[in-house]
Amino acid sequence: MNDSEPLNLQRRRVLMGMGAAGVALAGSALSCPAMAAAPAQVTEAPSSDKTEDRHDFRGVHQTGVVTPRPASGMLVAFDVLAANREDLERLFRTLNERIAFLMTGGPVAQIDPKLPPPDSGILGPVVTPDNLTITVSVGESLFDERFGLAGVKPKRLQRMVGFPNDALDADCCHGDLSLQFCANTADTNIHALRDIVKNLPDLLLVRWKQEGSVPPQAPVKPGVPAQSARNFLGFRDGSANPDSNDARAMDRIVWVQPGSDEPEWAVHGSYQAVRIIRNFVERWDRTPLQEQESILGRVKSSGAPIGGHSETEVPDYSNDPAGKRTKLDAHIRLANPRTAASQANLILRRPFNYSNGVNKNGQLDMGLLFICYQADLEKGFITVQTRLNGEPLEEYLKPVGGGYFFTLPGVTGDQDFIGRSLLAATHTETAA
Amino acid sequence: MKKTPLALLLTLGLLNIPLSAFAVTAPLDLVGPVSDYKIYVTEKLDELARHTQQFTDAVKKGDLATAQKLYAPTRVYYESIEPIAELFSDLDASIDSRVDDHEQGVKAEDFTGFHRIEYSLFAENSTKGLDALADRLNKDVQDLQTRVAGLTFPPEKVVGGAAALLEEVATTKISGEEDRYSHTDLYDFQGNIDGAKKIVDLFRPHIEQQDKAFVAKVDKNFATVDKILAKYRTADGGFETYDKVKDNDRKALVGPVNTLAEDLSMMRGKLGLN
Chain C
1 MNDSEPLNLQ RRRVLMGMGA AGVALAGSAL SCPAMAAAPA QVTEAPSSDK TEDRHDFRGV
61 HQTGVVTPRP ASGMLVAFDV LAANREDLER LFRTLNERIA FLMTGGPVAQ IDPKLPPPDS
121 GILGPVVTPD NLTITVSVGE SLFDERFGLA GVKPKRLQRM VGFPNDALDA DCCHGDLSLQ
181 FCANTADTNI HALRDIVKNL PDLLLVRWKQ EGSVPPQAPV KPGVPAQSAR NFLGFRDGSA
241 NPDSNDARAM DRIVWVQPGS DEPEWAVHGS YQAVRIIRNF VERWDRTPLQ EQESILGRVK
301 SSGAPIGGHS ETEVPDYSND PAGKRTKLDA HIRLANPRTA ASQANLILRR PFNYSNGVNK
361 NGQLDMGLLF ICYQADLEKG FITVQTRLNG EPLEEYLKPV GGGYFFTLPG VTGDQDFIGR
421 SLLAATHTET AA
Chain B
1 MKKTPLALLL TLGLLNIPLS AFAVTAPLDL VGPVSDYKIY VTEKLDELAR HTQQFTDAVK
61 KGDLATAQKL YAPTRVYYES IEPIAELFSD LDASIDSRVD DHEQGVKAED FTGFHRIEYS
121 LFAENSTKGL DALADRLNKD VQDLQTRVAG LTFPPEKVVG GAAALLEEVA TTKISGEEDR
181 YSHTDLYDFQ GNIDGAKKIV DLFRPHIEQQ DKAFVAKVDK NFATVDKILA KYRTADGGFE
241 TYDKVKDNDR KALVGPVNTL AEDLSMMRGK LGLN
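Residue numbers (the UniProt record's numbering), protein chains in the order written: chain C, 1 to 432; chain B, 1 to 274.
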């Protein structure tokens, strides 16, 4: 036996019963449990037991809002090319049909091979849902003169206006419609996007797109609380997020409720705020740890509030009025001061880390694809971001894009389709 | 610009088209429209050669105004027959490559042809140092004429050309990056569209036989594009510069262009071609 031969190759030979050396080795090799399975080939697909995970597309609320966030996210904003209401309805009905299929999975149609295939084939001949959710939201511009929707615009829906630290790039702002794709892998999101683009060439034009990811963590031991994922600043992000499994809290914080001052059709919808926030990571990595922690207001390693031990500890600022422990302008203290009044400003965050390439100066172009949901955009994101204006963290951040959208109510029943309540709300108006 | 192995294409002739189970149109049926298309391409190439001569004469004479004026109306012939011209990838590169096809940009030694001359004429407002480039362009266009004359047109390339032209529009015309110095993109835009429409017209009876609705939808989208382009026609029969095209018109062009690209990509299959 050649000593320089890689161990894995030796194992394969054993398992495949090749060669005298392999046979000689067999007894001892197979006694080791770690050698029970053949090591994978270079090009073998990584294995996942989650490709059949699926969410029900139907429900009072859309999925992808309080649904646990998977590893891959993508936000795509579109211009709607529909020329009239009939086309707009065709857009919503087609979206509904495609989303229902993509989230359920199944075989794709086999057609004459002389024709272009109807599916990109990225996921093979049988589409696996892979935990996919597609969340449909509409922008303020959809309510302009084109479709007669002006009279039923959600009260707080508005065009995003730059905050003082923003440097908005017009090419990645706003849109008539946004689709948020979330799945276990980026490939599943891309497959879904390409399906939608191919099926709606005359009705949708991609305006901008941002993909992001969340780093997976090893499973926690039973009884130990799950920890939030880390962002590209290296801090746990989402520690103070409200409990997305608490339906009553979600009704209060995230979903538009019956009897509110919002239009009736918008009930069970939500406001989606999207921000592409570039992080100056080289500069951040050159900042002393204690300064990073005091800027954020949390311990980097554990995610605990300054002075605390675990991420889940709720910071108590009442005994620190002068900001001796947690600075008054620390990010988490400004974002959520934990006062009775600031309870009205809670939002449900659903962010992804993004990495886009390199800037002209050789610096890494990466940051946070920030997405949050709330029942009241003004009391939620806009108030929170206004409180954050001028925070010390701004030196390391530059928001460059995003927009505000209204996430449509869910689809219930077989006759329903996404956007139906919005169209129905204005039906009589245009008919008159 | 697309690189297709020349040798492969030259070996493909009408008789090499295999009959498949899906063939709904016997290849012999396509002989008529394919040879009509060759006549069309030959006429366009004659025009291209004639206009290129006038254009390069103006360049060499140092007549900047005339050269600038002739640039777009000359190119349009090339754009309308691009699927055939592209079969000769070496000539396509030397006649029609764009600056971003070259790592060294405008300074690249192999950056020649229309867009290199466009750069001098419109970005530098100069005809200086263009003599060799002008001669080369003339020679390349004449070479193209000779090579096309000797080419057996592969039917799948002819029919597929309609879709290819729409891909050209979707990829480089909507963004206004084809003629980035002269902003004369609308000439090329119309050239691509006219070239695609010609192909659809030639095979119209064959497609209508099996799918009338398809042809009607394609016609409707061509008409929408033509109508928007017509808004930017100038009195001399030319076009406004692309920066004049309103945002809502650019957007209104995307829908029909992308839909045409999707629909025309079905044409080869509908005619049973590989």
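The set of hints was computed from the structure by calculation and includes no laboratory data. Every residue, glycine too, gets a C-beta built ideally from N, C-alpha and C. Treat the hints loosely; a few may be bogus.
Stated by the list, open to error - Pairs of lysine-lysine, BS3-like flavour, derived with a Cα cap of 25 Å:
id, chain 1, residue 1, chain 2, residue 2
1, C, Lys114, B, Lys251
2, C, Lys360, B, Lys107
3, B, Lys212, C, Lys153
4, C, Lys198, B, Lys220
5, B, Lys217, C, Lys198
6, C, Lys114, B, Lys217
Unchecked claim - One side of the interface only, derived from the structure: several residues of chain B facing chain C at Cβ under 8 Å:
id, residue
7, Gly129
8, Lys251
9, Val254
10, Thr259
11, Gly272
12, Asn274
Hints that the structure is at odds with (numbers, increasing): 1, 3 and 7
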